[in-house]
Amino acid sequence: REVNGGFLVAPERTLGVSFQLEEPLLPLGTVMALNWAQRRYFINLTGETEGVLQIRLTPEEGLALAALVRTDDALKKLRESNEEDLALLWQDIRDACRLFELPEGCLSQLAIFSADAADRPSYTRLPDVKWA
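Okay, so the sequence shown: first residue is 814 according to this note's numbering, each after it adds one.
These aren't lab readings, by the way, just hints derived from the structure by calculation.
Since we're looking at a predicted model, the values are computed, not measured.
Here a beta-carbon is modelled for each residue, glycine too, at the ideal position from N, C-alpha and C.
Treat the hints with care, since some could be wrong.
To be verified - Derived CB-CB ranges, DEER-like:
1) N895 x G918: 17 to 23 Å
2) L841 x A879: 30 to 36 Å
3) E917 x L876: 23 to 29 Å
4) E861 x R907: 20 to 26 Å
5) S894 x L858: 26 to 32 Å
6) E863 x D908: 19 to 25 Å
7) K889 x S927: 23 to 29 Å
8) D886 x F926: 17 to 23 Å
9) F926 x A850: 21 to 27 Å
10) M845 x A880: 30 to 36 Å
11) P840 x E896: 32 to 38 Å
12) L841 x D885: 31 to 37 Å
With the hints as constraints, model all of the structure from the sequences given.
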């Protein structure tokens with residue numbers, strides 16, 4: 814959301830909202846086009862009917878969400894929050910759901926992670942190999 818000289822300032826954190834659909838999502842080409850058409854929301858598919866909706870957060874949004882995601886039922890608390898920052902973020906999540914044609918009811922969990930791929934931990938464990 815923050816603009817600096819006409820360019821979006823890279824956020825520090827990304828919110829991941831997992832989802833599970835009953836039917837397949839939009840065609841993959843459409844999802845890819847929507848991902849590239851704007852820079853706030855992205856969908857990572859982990860299967861035909863499941864994945865993670867990612868939302869790039871402003872630093873303020875990241876701070877507002879930091880404590881919330883550590884609680885039980887964080888998604889419900891976000892949905893019902895009266896705090897202005899969190900209520901605006903919930904509206905953005907709803908906008909992303911409309912963009913990607915995700916029913917709000919398919920959202921299941923929240924997680925926050927680094928927006929910079931270089932800062933993310935590697936989930937690929939390479940086997941110990943002894944080279945000759």
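Structure versus earlier hints, numbers of those that do not hold, lowest first: Violated hints: none; all satisfied.
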